[in-house]
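Throw the hints in and build the complete structure from the sequences for me.
Residue numbers (the numbering used here), protein chains in the order written: chain A, 218 to 328; chain B, 3 to 889.
What the hints contain is simulated information worked out from the structure, not anything from laboratory work. C-beta atoms are modelled at their ideal positions from N, C-alpha and C, and glycine is treated no differently. A portion of the hints provided could be inaccurate.
To give an idea of the interface, some chain B residues facing chain A are shown, with a C-beta separation under 8 angstroms as derived from the structure [stated by the list, open to error]: (1) Phe25; (2) Gln30; (3) Glu47; (4) Ala49; (5) Leu52; (6) Glu56; (7) Glu61.
The lines below spell out each chain.
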Amino acid sequence: MDADKSDLLQGTLDMLILKVVAMGPIHGYAISKRIAQISKDMLRIQQGSLYPALHRLENRKWLTADWREADSGREAKFYTLTAAGKKQLEVEELDWERLSTAIGLVMRTVQ
Amino acid sequence: MSWLFDLFRRKSHEQRLDSELRFHLEQQTTDNIAAGMSPEVARREAAIDLGGLEQIKEECRDERSGVWLGHLSQDLRFGLRMLRKNPTFTTIAVLSLALGIGAATSVFSMVDAILLGSLPVPNPQDLRVICWSGSDTRMMYITLTGDPVVPGRRAGGSFSKDVFLALRKQCAPLADIFGYSPFFGGVARARGLPARADGLMVSGNFFSGLGVHPLVGSLLGPEDESAGSIPRVVISYRWWKQEFALDPGAIGQQVTLNGNNYSIAGVLPQKFSGVCPGDVPDLYVSLSDKSLPMPGLPKDLPALWWVAVMGRMKTGASTAQLQAVADVTLATQADKFISKPSAYIADGRDGPFWKLGAYRSQLQLLMAVVGMVLLVACLNIGGLLLARGSARHHELSMRKALGANRQRIATQLLTESALISVFGGGLGILAALWGRLVVSRLLAGSPEGLHYDTTLDAKVLGFALAVTLLTVFFAGLLPALKAAKMNPQDSLWQRGGGGTPPLRAGQFLVAAQIALSLVLVTGAGLYFRTLVNLVSIEPGFAMDHLLSFEVNPGDSGYQNPRTIAYFNEIQRALSTVPGVKSAALVSNPLLGNWLQDEGFTIPDRPSGGQNQASTILTVSETFFGTIGIPIIDGRDFRAGDADGAPKVIIVNESFVRKFLAGVIPVGRTIKFGDTVWQIVGVCRDSKCFDIRREIDSTTYFPYRQNPIGSASITVRTLVSPLSVAKAVQRVATAVDPNVPVGDISTEEQMRDRDITPERMLASCCTLLAAFVMLLSSIGLFGLMAYDVARRTSEFGVRMALGATPLHIIQPILKRALALASIGLAVGLPLTLVLTRLIRSNLYGVTPFDPGTICVAVALLLAVVLVAAWIPVRRATKIDPMVALRCE
Chain A
218 MDADKSDLLQ GTLDMLILKV VAMGPIHGYA ISKRIAQISK DMLRIQQGSL
268 YPALHRLENR KWLTADWREA DSGREAKFYT LTAAGKKQLE VEELDWERLS
318 TAIGLVMRTV Q
Chain B
3 MSWLFDLFRR KSHEQRLDSE LRFHLEQQTT DNIAAGMSPE VARREAAIDL
53 GGLEQIKEEC RDERSGVWLG HLSQDLRFGL RMLRKNPTFT TIAVLSLALG
103 IGAATSVFSM VDAILLGSLP VPNPQDLRVI CWSGSDTRMM YITLTGDPVV
153 PGRRAGGSFS KDVFLALRKQ CAPLADIFGY SPFFGGVARA RGLPARADGL
203 MVSGNFFSGL GVHPLVGSLL GPEDESAGSI PRVVISYRWW KQEFALDPGA
253 IGQQVTLNGN NYSIAGVLPQ KFSGVCPGDV PDLYVSLSDK SLPMPGLPKD
303 LPALWWVAVM GRMKTGASTA QLQAVADVTL ATQADKFISK PSAYIADGRD
353 GPFWKLGAYR SQLQLLMAVV GMVLLVACLN IGGLLLARGS ARHHELSMRK
403 ALGANRQRIA TQLLTESALI SVFGGGLGIL AALWGRLVVS RLLAGSPEGL
453 HYDTTLDAKV LGFALAVTLL TVFFAGLLPA LKAAKMNPQD SLWQRGGGGT
503 PPLRAGQFLV AAQIALSLVL VTGAGLYFRT LVNLVSIEPG FAMDHLLSFE
553 VNPGDSGYQN PRTIAYFNEI QRALSTVPGV KSAALVSNPL LGNWLQDEGF
603 TIPDRPSGGQ NQASTILTVS ETFFGTIGIP IIDGRDFRAG DADGAPKVII
653 VNESFVRKFL AGVIPVGRTI KFGDTVWQIV GVCRDSKCFD IRREIDSTTY
703 FPYRQNPIGS ASITVRTLVS PLSVAKAVQR VATAVDPNVP VGDISTEEQM
753 RDRDITPERM LASCCTLLAA FVMLLSSIGL FGLMAYDVAR RTSEFGVRMA
803 LGATPLHIIQ PILKRALALA SIGLAVGLPL TLVLTRLIRS NLYGVTPFDP
853 GTICVAVALL LAVVLVAAWI PVRRATKIDP MVALRCE
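Have a look at this one:
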C-alpha cells in the first residue's frame with residue numbers, strides 16, 4: 218500500500234473527530250472525507266474504526282447526533298459537538314501540543 | 003438508567019446503526035462512480051474500504067453502555083439452551099455442586115454457630131472465665147462445663163460458694179465476678195403437665211455482669227441472693243413460647259420446680275441461650291436456692307465445689323491484675339482444698355470454651371471432608387466442561403471466525419458454568435436446610451442434635467454464595483481460557499482426525515480426583531472398621547433382654563428414708579410384671595456415659611503418692627444377679643446391708659489389681675471421706691459407662707447405706723424387652739404418679755446411642771466417599787470416551803490394516819491405568835498424612851491400617867476399570883469402513 222501514508226497515532230482519532238465536528242454538524246462519511254482532505258491524504262484512517270469511535274464519543278456525551286437530510290437528499294446521522302465535547306477538545310489539543318513540542322525537542326536534541 | 007432505556011430501544015438502535023453504515027457505503031459508491039468506476043466495482047471498492055460490516059456494528063455496540071447487559075441476556079439464553087440440550091451433563095454437574103455446596107454450607111453453619119460465635123451479649127471481649135489449678139486437691143468436685151487442661155497440675159472450673167463469694171468481693175475493683183451452676187432434668191410445671199427442664203442457678207449479678215436485658219418483666223438481681231426473698235425464676239424465650247404461647251401475662255405466674263413454687267420474674271431475649279454453648283437452659287433461679295439438686299449435701303458446704311465463675315473486666319483493669327488478686331484470694335481461702343493453688347484466667351467471649359474442644363476437632367474434620375468433596379465436584383465439572391469445550395471446538399471456531407472476540411467467547415463459557423453454579427448453589431442451600439440438622443446430630447451424638455440456633459443467617463448465606471462464586475471460577479476458568487486461546491483456522495481446516503487435541507489438563511483433573519477419592523474412601527473404611535469394632539465389644543454383661551429407665555424421686559420432694567422406700571417399692575412392683583425376671587437399681591445408667599469418681603484411703607496401706615480414686619456406683623442387692631456380673635470372691639449384697647448394719651462394699655477386679663495387689667481383698671477396710679467401709683466381695687470387670695473406655699477400678703455401694711436421690715432402674719426380661727416396656731412404664735408410674743418415669747430403652751439402644759457419633763461419621767463418610775468415587779469415575783469415563791471419539795478414524799485405519807481388538811484396547815486401558823496409578827501414587831501419602839488426624843476418632847484400628855488401604859486401592863482400581871471399559875468396548879466395535887468414511 219501507500220508507503221508515504223502514516224498510521225494514525227493511538228488515541229488521536231478521537232481528537233481529530235472532535236476537531237472536525239467542531240466546525241459544524243457533519244455526518245460520518247463526510248468526517249472521513251474531511252480528515253483525509255485536510256491531512257492531504259497523508260493520514261490513513263481505517264474507516265472501520267471511525268464508526269466505533271463516533272459511537273464512543275456520543276456515549277461519552279461529547280457528541281450529540283440527530284438525523285437530518287444530507288445534500289444528497291437522503292437521511293443521514295449528523296454529529297454535533299456538545300459543551301463537554303468542546304472542553305474535551307481543548308484539553309486534548311493542549312496535551313497534543315505539549316506532546317509534539319516535547320517530541321520535537323527530543324528529535325532536535327538527538328540530531 | 004439510560005442504559006436500561008437503551009436496552010428497550012435496542013431494535014431502533016440496530017436499524018439506525020444499519021442505515022448509518024449503509025449511508026456511508028452509498029455515498030462512497032456514488033463518489034467512486036463519479037470518479038469513473040463502474041457501479042459494480044464502485045460498490046465493491048466502497049465495501050472493502052469500510053471493512054467487515056458486522057464487525058463494525060459489533061464494535062459500535064460494544065462502545066455503548068449497557069452492552070454488557072445485552073450480552074449477558076444473550077449469553078444466559080444461549081447457556082440455558084446449551085444446558086437443556088445436554089441433560090445428563092447438566093444433571094451431573096448441578097447435583098454434584100449441590101451436594102458439595104450443601105455439605106459445605108451445613109458444616110459452616112455449625113462452625114459459625116460454635117466456633118465463630120461469641121456469646122450474644124454486649125462487649126463479649128471483656129468477659130473472662132476464671133478457673134483454678136493446683137498440685138493436689140481434697141474436695142467434692144463437680145465438673146460442670148468441662149475443665150481446663152493445665153499440664154502437670156490438676157485444674158478445674160468449679161468453686162465452692164465461699165470461694166466464689168470471696169473472689170467476687172476481692173476482685174470487685176477490677177471485674178464484676180458472677181457465678182452459675184447448671185442443673186439438669188428438674189421437674190417443672192407451669193400451666194400444663196410436669197415436664198423435665200434444664201436450667202441454671204445464677205448469682206444475683208449474673209445478668210448484669212453479662213449485660214443481658216429482659217425481653218419482658220425483670221431479671222434476677224442481688225436481692226434474689228438473700229435468704230428471705232421470695233423465690234423467683236427467669237424463663238427462656240423458648241420455654242415462654244412452649245408453656246405460655248408468648249403470653250405477656252406469664253409474668254408473676256407460678257411455676258413449680260421440683261415441688262417448690264417460684265414466681266416468674268421475666269423472660270430472656272430469644273437470642274440469649276445461656277453461657278454454655280450447646281446447652282440451652284430454660285429456667286434461671288438464684289444460686290442460693292435451697293431446693294435444687296446436690297441431693298443430700300448442703301450447698302454451702304465448703305468442700306463442695308460446684309459454682310462456675312466468670313467475670314466482666316472493668317475499664318482500665320488488666321487480666322494480669324485480676325490474676326494477681328485471684329491468686330491471693332485462692333491462696334488464703336482455698337488452701338485447705340487445693341495445694342499450691344493459683345488462678346487460671348481464660349478468654350470468656352465464647353463462654354466456658356473448653357467444652358468446644360471436642361466439637362472443634364470434629365468440625366475441622368468435617369470441614370476437611372466437605373472441602374475435599376467440593377474440590378472433587380469442582381475438578382469434575384472442570385473436566386466435563388473441558389471435554390465439552392473440546393467437543394464444541396468446531397462450534398467455537400465458527401463463532402470466532404464470524405467475528406466473536408476472545409473475551410466474548412470466554413464470557414459466554416463462564417456464563418454457562420455460572421448458570422450451573424447458580425442452580426447447584428440454590429439446590430445446595432436448600433440441601434443445607436436439612437444438612438445442618440444432620441451435622442448438629444452428628445456433633446451431639448444424639449437424635450435431638452445440639453441446641454444451637456443455626457438459622458441460615460446472612461453470614462452463612464454469604465458463605466454459600468462465596469463458595470458458589472469460587473466454584474464458577476475454579477471449574478469454568480480453565481475451559482474458558484482454553485477455548486478463548488484456540489485458533490479458529492486449526493479446527494476449521496482440519497476437521498476429523500487429529501483436529502482436537504488430547505486433554506492434558508483433563509488428565510490432571512482426573513488424576514487429582516482419584517487421589518482425593520483414595521483419601522475419602524480410606525477414611526470411610528477406617529470409620530467403618532471402627533463401627534464394627536465398637537459393635538462387637540463385649541461389655542462384660544449380657545446386653546440383650548435388659549430394659550432401663552431413670553427416676554428421680556429426689557426432684558419430686560422425696561427425702562430419706564422415703565426415697566429408699568420408694569426404690570424398694572418400685573423394684574418389688576416391677577418384679578411382679580409378667581415377663582420380667584428381676585429388677586435392679588443402679589445410681590448411674592449403664593453405658594450412659596457418665597460416672598462419678600471419689601477419692602479414698604486404705605488404712606495400713608500407704609498410697610505410694612498415687613492419687614487413689616475409684617469410680618463409684620450405688621446399687622441394689624439384685625444388681626449383680628440382674629445384670630449378670632458374677633461375684634468371684636466373697637458374697638453379694640443382701641437386703642440386710644442397711645442402716646445400722648456394718649457398712650459394706652464390693653469392688654471389681656481392676657480395683658483389686660490396682661490397689662490391693664498381693665493381699666486378700668475380702669475383709670479389708672477402706673475409708674471414703676470419714677466413713678469406713680468393709681469389702682465383702684469382688685466382682686468381675688465390666689464396662690458400665692462407656693464401651694470405648696478401659697475398665698476403671700470400681701466400687702459398688704448398697705443403696706440402703708449410701709443414699710441417692712435418683713437412680714436408673716434396670717429390668718431383666720424373659721421375653722423380648724420392648725414387648726414389656728409398656729407394662730413396665732405403667733407399673734413404674736403407678737408407684738407414685740408424681741415421679742415422672744424417664745424414657746424406657748433397651749441396653750442395646752443405649753449402646754447404639756453411645757456409638758451414634760461413630761455410626762453417623764461412618765455413614766456420612768461412606769456416603770460422601772461413594773459419591774466422590776462416582777464423580778471420579780464419571781470424570782474418567784468422560785475423558786476416555788472423548789479420547790476414543792477423537793481417535794475413531796485412527797482406530798478405523800489400524801483395524802483396516804489388520805489390528806486386532808486387543809491391539810486397540812491395550813493402549814486405552816493402559817492410559818486409564820496409568821492415570822489411576824498417578825492418582826493413587828499422589829493420593830497414598832496424602833491419605834497417610836490426613837488419616838493420622840482422625841486417630842482419636844478410631845477404635846481398634848490404626849490410621850495406617852494396611853488392610854483398609856489395600857481394599858480402598860483395589861476398590862478404586864475396579865471403579866477405574868469399569869469406567870474405562872465402556873469407551874473401550876465402543877472402540878473395538880468401530881467398523882473400519884464407517885470410521886474411514888467419516889473423514
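Hints versus structure:
no. : hint  : verdict
1   : Phe25 : 5 angstroms, holds
2   : Gln30 : 7 angstroms, holds
3   : Glu47 : 12 angstroms, violated
4   : Ala49 : 10 angstroms, violated
5   : Leu52 : 5 angstroms, holds
6   : Glu56 : 11 angstroms, violated
7   : Glu61 : 4 angstroms, holds
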